[in-house]
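Just need the whole structure built from these sequences, with the hints factored in.
What follows is each chain in one-letter form.
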Amino acid sequence: MKELLILSGKGGTGKTSITGALAMLLPLPALADCDVDAADLHLLLAPRPREEHDFLSGVKAVINPTLCNACGTCVEICQFEAIHISIKAELRPFFCEGCGVCARFCPAEAISLQENHCGTWFLSDTEYGPMVHARLGIGEENSGKLVSLVKKRAREEAKRINAAWLLVDGPPGIGCPVIASLSGADLVLLVTEPTLSGLHDLKRVTELVRHFKVPMGVCINKWDLHPGYCADISKVCREQAIPVLGKIPFDKAMVDSVVHGVPLFRQAPNSAAAEAVRGIYKKLSLFPA
Amino acid sequence: MKIAIASGKGGTGKTTIAVSLALAADGPVHYADCDVEEPNGHIFLKPALNQGREFALTVPEVVEAQCTGCGKCREICRFNAITVFGTKAMAFTELCHSCGGCFLVCPEGALNRGKRVLGFIENGQAGNIGFSQGTLRIGEAMAAPLIAAVRKEAEQQEGLVLLDAPPGTSCPLIAAIVGADYTLLVSEETPFGLHDLQIAAGVLRRLEQPFGVIINRADLGAGKTGQWCRKENIPVHLEIPFARKIAEGYASGIPLVQSQPDLLPAFSNLLKELNP
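These protein sequence lines map, in sequence, to chains A and B.
Throughout the first sequence, residue numbering follows my numbering, covering 1 to 289 in sequence.
Throughout the second sequence, residue numbering follows my numbering, covering 1001 to 1276 in sequence.
One or more hints might be untrue.
Here are the in silico distance ranges between beta carbons for each label pair [as the list claims (entries may be wrong)]: (1) B:Phe1242 to A:His117: 37 to 43 angstroms; (2) B:Lys1088 to A:Tyr281: 38 to 44 angstroms; (3) A:Glu81 to B:Gly1127: 32 to 38 angstroms; (4) A:Ser86 to B:Asp1219: 34 to 40 angstroms; (5) B:Glu1061 to A:Asn162: 23 to 29 angstroms; (6) A:Arg238 to B:Met1001: 22 to 28 angstroms; (7) B:Leu1104 to A:Gly279: 55 to 61 angstroms; (8) B:Lys1088 to A:Arg48: 25 to 31 angstroms; (9) B:Arg1244 to A:Tyr281: 26 to 32 angstroms.
Calculated pairs, DSS-like style, for lysine-lysine (alpha carbon to alpha carbon, straight line, at most 25 angstroms) [stated by the list, open to error]: (10) A:Lys252 to B:Lys1245; (11) A:Lys60 to B:Lys1272; (12) B:Lys1002 to B:Lys1046; (13) A:Lys145 to B:Lys1115; (14) A:Lys235 to B:Lys1072; (15) B:Lys1245 to B:Lys1046; (16) A:Lys213 to A:Lys145; (17) A:Lys159 to A:Lys235; (18) A:Lys152 to A:Lys203; (19) A:Lys235 to A:Lys213; (20) A:Lys282 to A:Lys159; (21) A:Lys159 to A:Lys213; (22) B:Lys1002 to B:Lys1272; (23) A:Lys88 to A:Lys159; (24) A:Lys247 to A:Lys283; (25) A:Lys88 to A:Lys282; (26) A:Lys283 to A:Lys2; (27) B:Lys1046 to A:Lys203; (28) A:Lys252 to A:Lys2; (29) A:Lys247 to B:Lys1245; (30) A:Lys252 to B:Lys1224.
Hints were generated in silico from the structure; no laboratory data involved.
All of these numbers come straight from a predicted model, not from anything done at the bench.
We put the beta carbon where it would ideally sit given N, CA and C, even for glycine.
Written as structure tokens, this is what we have:
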């Protein structure tokens, strides 16, 4: 089983659309959506949840107002500005990091720690294969841990069905959820676009992927919006010995597939974009050699 | 006046909008790039930057000669960032959240305040526009403290402060927008745009902060984002159509209000509306 992770650095370059398209091309895939902050793959693949689970991670402080004597110790020692005093100490839950230092030092023993419900994750079935996805609670943290959990469950599911591929839609950026997605990946497909921002962000994400020693290839989406920068991206990739696995033209079929909530190969199997994704799939299946 | 520009979904045009507002402002204005994982504002504003400085978290550093291996630091750390091997504590600083608990409990004074560099903060000037940005060190997972530092520095500036937020809906977003006087959520007319906008709007409501929406590439999609905003009584301040000319300008690092100057009055008016 090969674990293929789709990343981009820059957001909105087309990760999810391309993941959705590849889900229909890869033979026997298991699927995972690791962009738990803004998960959208389910809008293309229409998963039917088989299991639904709470995601509990870390703790948050709970202040008992009857015990609190507003001494201010907690406010003083909290490094996250998560507690303020009005009449009694009050928690700003968005800011609580769950370190528990306030509870340990509260002289009135007015603070306890409660396990934190950070989100929900699902094991689902799609027409294309089983899919593990999640929904992070509003404004919650711990997205890195939720990503690790999604990947772990998706791997188990992939093993169970003897999948040939585990296809993982990744988050944008280079921080915590991206690093969590990268762990254990066999191959990364970087989706970029021919813009200065796309190129700038691509360089940062290639450096990160190299740091984790995962083989990678690049796909340039909407390449004809600026053939000049497309050539620049190819040149940078050549210099860094990163193969360009394909170029996808700007094609309204891609937008239409999102609008209709179906993968590209349902929406427009003969479109120019679909043809380009087929080419990328062929190269991916031989990669890394 | 602090205006944050955020989105939920990536690539909807946060930087495009933030840069356009900076260029449309008439008074003193400061642009702060809080998308520290992938900061792009500099590509459009081309600021002259100062040398910059490191931004670091305070993390424990064990002074072995003083450590007795009592394990109190291990006990209080909820992030498994400090443990005891044999008779000495050992810190795994990449896991540290900098809560300071270990310093408070160590009876021997055996922990020094070390640092873990999260990234850099740079300041500069782009014409009349004050500029700052944070850049996360590659390989570093924790973006939120760096984002908060960029925001807090920018908040000290006079006049209009524009906070260009990272994508997503979790801690990095909150670190950038908390306390803003107004947040503009940039979305699209696609189901992805709408779905992620709904989550981001939920964050703003939980924060009890006022917000409105800008719909970019408004003619690509089914019109459901605008419909949802109307249903929820969320103001839609601006709808920008898709145009190849805009996309080409964006590609080359040309700000929207320069590639499409007829849009400039819309941004000036928006600023007047938000900051009368």
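### Query
Is the hinted pair Lys283 (chain A) and Lys2 (chain A) satisfied, with a Cα-Cα distance of at most 25 angstroms?
holds, 14 angstroms
### Task
With a cut-off of 25 angstroms on the C-alpha distance, tell me whether Lys235 (chain A) and Lys213 (chain A) pass.
It holds: about 21 angstroms lies between the C-alpha atoms, which stays within 25 angstroms.
### Message
Taking the Cβ atom of Phe1242 (chain B) and the Cβ atom of His117 (chain A), is their distance within the range 37 to 43 angstroms?
### Response
holds, 40 angstroms
### Message
Run the distance test for Lys159 (chain A) versus Lys235 (chain A): straight-line Cα separation, threshold 25 angstroms.
### Response
Given that 25 angstroms is the threshold and the Cα spacing comes to 38 angstroms, the pair is violated.
### Query
Within 25 angstroms, alpha carbon to alpha carbon, are Lys247 (chain A) and Lys283 (chain A)?
This hinted pair holds, its Cα atoms lying about 12 angstroms apart.
### Task
With a cut-off of 25 angstroms on the C-alpha distance, tell me whether Lys282 (chain A) and Lys159 (chain A) pass.
Since the Cα atoms of Lys282 (chain A) and Lys159 (chain A) sit roughly 23 angstroms apart, the hinted pair holds (cutoff 25 angstroms).
### Message
Given the hinted pair Lys88 (chain A) and Lys159 (chain A), is their Cα-Cα distance within 25 angstroms?
### Response
Status violated; Cα separation ~53 angstroms.
### Query
When you check the alpha-carbon spacing of Lys247 (chain A) and Lys1245 (chain B), does it fall within 25 angstroms?
This hinted pair holds, its Cα atoms lying about 21 angstroms apart.
### Task
With a cut-off of 25 angstroms on the C-alpha distance, tell me whether Lys1046 (chain B) and Lys203 (chain A) pass.
Holds: Lys1046 (chain B) and Lys203 (chain A) sit about 19 angstroms apart, inside 25 angstroms.
### Message
For a C-alpha distance cap of 25 angstroms, please report whether Lys1002 (chain B) and Lys1272 (chain B) respect it.
### Response
holds, 14 angstroms
### Query
Between Glu81 (chain A) and Gly1127 (chain B), is the Cβ distance one that fits in 32 to 38 angstroms?
holds, 34 angstroms
### Task
Would you mind confirming whether the straight-line C-alpha gap from Lys145 (chain A) to Lys1115 (chain B) stays at or under 25 angstroms?
holds, 24 angstroms
The structure shown violates the earlier hints numbered 2, 4, 5, 6, 8, 11, 14, 17, 18, 23, 25 and 28.
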